[in-house]
Structures are given as C-alpha cells and as structure tokens.
Amino acid sequence: MLKIIIRRLIVSIPLVLGITLISFLIIQAAPGDYLSALKMNPQISPETVERLRKSFGLDQPVLLQYFHWLWRVLHLDLGISFAYRAPVADLIASRAFNTFLLSLASICVTWSLAFIIGIFTAWRKNKPEDKILMGASYLFMYTPGFLIAFLLLFAASRSAYFPLGGTYSPEYFFMSVPQKIIDRLYHLVLPVIAMSVPSASYLFRLVRSNFLEFINETFVTAARAKGLSERRVILLHVMRNALNPFITLLGFEFATVLSGAALIEIILNLQGLGTLLLKAVLAQDLYLIMGSVLMGSVLLVIGNMFADAALAVVDPRVRVE
Amino acid sequence: MKAKGALIILIILAFSALAAPIVAPYSYKHQFRSYPAAPPMRIHFFLKTDGGYTFRPHVREIQRTPEGYRETGRICNVHLLSRGKLLSCECPCFLLGSDSLGRDILSRIIYGGRISLSIGIVGVCITAVLGLLFGGIAGYFGGLVDMLIMRLTEVLMSLPSFFLLLSLSVVIPPGLSSAQTFLIIVLILSFIGWAGFARVIRGMVASIRTSDHVVASLAMGAGHIRTLIRHVIPLTLGYTVVVMTLNIPAYILGESALSMLGLGIREPDPSWGNMLAEALNISILADRPWTLAPGAFIVLAVIAFNVIGESLRASLVVKEKGQ
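If you read the sequences in order, they're chains A and B. Read in order, the letters of the first sequence are residues 0 to 320 in numbering that gives the first Met the number 0. Read in order, the letters of the second sequence are residues 0 to 322 in numbering that gives the first Met the number 0.
Hint data in this document are derived by calculation from the structure and do not stem from the laboratory. Just so we're clear, the structure is a prediction, and the values are computed from it rather than from any experiment. It is possible that part of the hints are untrue.
[Unchecked claim] Below, computed lysine-lysine pairings styled on DSS-like, alpha-carbon distance capped at 25 angstroms: (1) K126(A) with K1(B); (2) K318(B) with K84(B); (3) K130(A) with K1(B).
[As the list claims (entries may be wrong)] Rough simulated footprint, nothing fancy, chain B against chain A, three-plus residues with beta-carbon under 8 angstroms: (4) 12 to 20; (5) 90 to 99; (6) 124 to 136; (7) 204 to 210; (8) 290 to 298.
Think of the CB as a built atom: it goes at the ideal place given N, C-alpha and C, for glycine as much as any other residue.
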C-alpha cells in the first residue's frame, strides 16, 4: 500500500516539473509582462521599472528564471505577486482550500447521485422511470456546467432562496463556528449543483451499463439461487465487481473537476484558484500564475494518489503488481 | 433517425452562419441607440380585424420609457424574403431581444455561429494532424521516440485543461484582429487536445505495424515513411473521423469559455461565448435572461455533434464486427 503511494509520488515529480516548465515558457514567451503595464504609467520613471525588473529577476534568460523559481519553490517560497504586493503562498493558501472544498463536495455529490440513479435505472431497466431518466440525462450531459450555473444564478436572483454567488455572507466574520460551516455549505449548494448535474448525468449511464453487464453473470444467478435478498445481491455481489473501473475513472475525474471548478468559481464569484488565476492572467502576474498552476497540479497529483490507493484497497490484483 | 435530425440542425446552423448577411435581420454591429436591452418580441401571425382574424405576420412596436419598454400600439408588418433579407420588419424588431448597446441578439448569434462553429472544425483538423503525426511516429517506430512522446502526452492529459487554457491565453496579445485571435485560440485548444487521441492512434498503429500487408510493403522496398503514410495511417481513419466529430464540442465550449472571460474573440465581433460575457453581471442576468440565448445555441450545437459522433461510432463498430 505504502509502496504504491510512494511509487506514484515519484512518478508524479516529472509530471509537475513538466506542467510548470511548459507554463513558464509560454507565459514568458507572451509579449509584455506585468512591468510593461507599469511603463505606461507616467508617474513611474523608467529607471524604477528597470530596478523592479532587476529585483524580480526578470532581466535574466527565461530558463535561468525558471530554475531560480524552482529553487525557491523547493524552499517553500512561491515568490511575490506583482499585482497584490503579497506573498503568493498566502494568496493561494486560502483560495486553494475553497477550491478543494468545492471540488470535493462536487465529487461526492456527483458520485453518490451517479451510483444511486445508475443502480436504480439498471434495476428498473426499460421501465418508464428508466426511460425518462435516460432521456433527461441526454440533455443534461451535454449542457455545459457554466450554462447551468447561469441558469441557477438567474433562478436564485428571482427566488432569493439561495445566495447570488460569493464564498460566504458579509456577516461571516461575526458568526460562530457552526454558523460559519452552515454558511459555507449554503454558498456551496449552487456551484455544486452546477458542477454535478452534467457529470452525474454522464456517469450514471456508465454505472447503469456496467451494472447491466454483471447482472446477468452466473455468480449473480448463484447468489439469487442461494436465496439472498435482491438488495444483498445488487449491493454486495454486483456492486463489488462493477466498482473497479470507476475507481480508475475517479483518478481522471480530478483534472476535469479542477477545470470545471475554475469556470464555475468565476461565474458564481467564489474566491478560489480559478478566480485568482483569471485575475493573475489578466494582469500577467507571473509568479501568481505559476503558483496557481503549481497548486492545481499538486491537487491533481494528490487526487490521483487517492484514487490509486482506493483501487489497491478494492482490487487485490493491483497490489500484486 | 436521431443522427439525421442532428445533421439537419447543424446544416441549418452552418448555412445561416454562412449566409448571415441574408439570414440575420440586421448587421452584427448595428446599434439601435434608442433600443438598449430591449426584451424579445414575438411574431404574431394573425391580426384581429372586424371580421375575425386575417393572416398578417407582424410585431408590436415597442418604445423605451423610464419604467421600461412599453408597446406603442403601432403594428409593424414582418416580410419574408424581401429587401434581400430572410426576415425584415417595418420597425426595429428584436426576436431574441437586444444587448446593452442596442444590437440585435439574434443577428449576433447568427454571425457568431461563423466563429463558434468553425473553431471546432478547424480545431479538430489540427488535432487530427498532430495526433496522427505523433501517434503514428510513436506507434510505428517505438523505442525511445515512443517513450518520449508518450510521457509528453501524459503530462498534457493530466493537466487541468482549463487552468492551462487560461495560462496559455496570456499568449494572446491585446490589439489583435479577431481572425488572428481565432487562429491562436484554435492552436491553443489543439495543443491541449491532441494527446488523448495520439495515444489511441499509437496503439492502433503499433498493432497494424505487425500485420502482413505492412511487412509486405517493406519487403517490396517501400520506405518507412511511405509505408506509414500509405499503408498504416489509412486504416486508422475511420476511428479518426469518429473522434474528430466527438471532439468538436470541446472546442466550441473552450472557445465560449475563453471569449466569455474576455480572453478570446473580442468585441465588436460576436461569438456565442463573448455574447455570454454580459450575463456575468448578475444584475443584467437577473433583469434580462434573454442574454443567455447564445447558450441555448451552444447546447444545441454540442448535442448535435455528439449525436452524430455517437452514430458514426455505432456504425464503425458494426462495420468492424462484420469484417
């Protein structure tokens, strides 16, 4: 078990290096940087801009800059944001937590929904409720999450049952801890729905077809012949076998969820990595972009690691290898 | 059956985008200064007269007042196929409403289809070329090249794509024309998108490489490049077409997201994405839900491409089983 995790970590080091190197090279290849915007400001003398450029190390060759950046990252220093004049690590820490919370919540909701509906439709195959759900999923599966977010936001603006975006209420800082938790969850409802509906609609079809594949196997007939209840047969015997491919899939989910979260955060105005990255990109805030990209890929590696570990728990064949 | 319907929808969308100057009631940049944020108007087909109803397509003219838009009571006839337009009204009419600058949303959607639909098609073509090139080389030659290309695709595939898309959009300098921005967006999206496709092609090529006809081609003295292009790649084309169709939606969505955030196609040129930018303002979204109309077209196009792709895939599977 530990071996698998360690191996996975070692494999992911070149991955993170690759992601950051590509991003760095591309950002620096782009014309202009944060300082070129400062140059336009008549109140800042060209000498000051040059001095800033030197102090940020932006006058060196690009590859050298990357290794300087990497060296500092290894010492847990993500650099300073040009635009916010604050350490990147501080800016990212709180937002990464929000993004993590949103991603985790949406994964939980997506997967529980997908399994409940998937098992239900497999069990009621070709009955009217199966057909209705399968038909509806077709529409929801292809409706992009950001559009659902817009629709939810519109509905919220008309009904006033849910907050119009944001991470927490204005009164958040005067609340007691349980109130704070409730307030957070309350603000997560809309983004989580927006993120879960398309992916759950897609996923439950996979669950359904996977269950249907096993439901006619001989070991299921044997379990029924033993006189087990239908619920025991489905939840224990079929589920156990149908689960494996989904855990592998869960690993890939993290990349998708992180990407989806970014756009939803921007639309619903949540303070997460997505909103931070967008602002950083608009301001060409080099170290902030790099910090967000790094954080995104680290979250991804952690997610993949969990998926691998879970697979090793469920499927003994993986452990042998 | 489903695929036929989807194809018809796509043909209609594509045709109206191509023939936008005729199909769209107005130009995409014409501003009706006295009609900002006008609500959608309905075409009424029958007019109530003394002797019952007569067939006379019309809209009811509206006028802006401090309290919002009011009907003036004037009736404007709607003409089909006159004055070189598919539809023309006698007074400004906005079938899907107008935006903050008083531009007709329907016209902008029709013109915007030019960008939003073609970006997918151009994008998958580039992806297919990249995927076939790298996948083909990796699968055919194997060894070190194979390993390098596969590691690269792994990095690309595990990137959170929207993060990458955002970071890459820094490359787009402001002040470019829409055509240039368009090209850069397509390149960015293809750069992200080719990896998964290349991996499958690599697998297919690696298995085709050992088949008799390839050995025969080499034995007859054909070079590796010729064999790869003439005798290996063509066998993967069926799969390529399916993947291309199923990938188009990703490009449409990618462009919409980028343009919506102001990083893609810029005003005044319309795309389905940058028209949604207005909806990012919560008070506009709450007051004027019709700003989301381009979103409906995005969904329509995405569903249509997916339905066609699925049906192509089904027929490919049937064909392979038959052989």
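The hints, checked one at a time:
1. K126(A) with K1(B): 21 angstroms, holds
2. K318(B) with K84(B): It is violated: about 45 angstroms lies between the C-alpha atoms, which goes past 25 angstroms.
3. K130(A) with K1(B): 16 angstroms, holds
4. 12 to 20: Coverage by chain B holds here, the residue count being 4 at a Cβ distance below 8 angstroms.
5. 90 to 99: Contact hint for the segment 90 to 99 of chain A vs chain B: violated, 0 residues under 8 angstroms.
6. 124 to 136: Contact hint for the segment 124 to 136 of chain A vs chain B: violated, 0 residues under 8 angstroms.
7. 204 to 210: Violated: only 0 residues of the segment 204 to 210 of chain A have a Cβ under 8 angstroms from chain B.
8. 290 to 298: holds (count 4)
The structure fails hints 2, 5, 6 and 7 (numbered hints given earlier, in ascending order).
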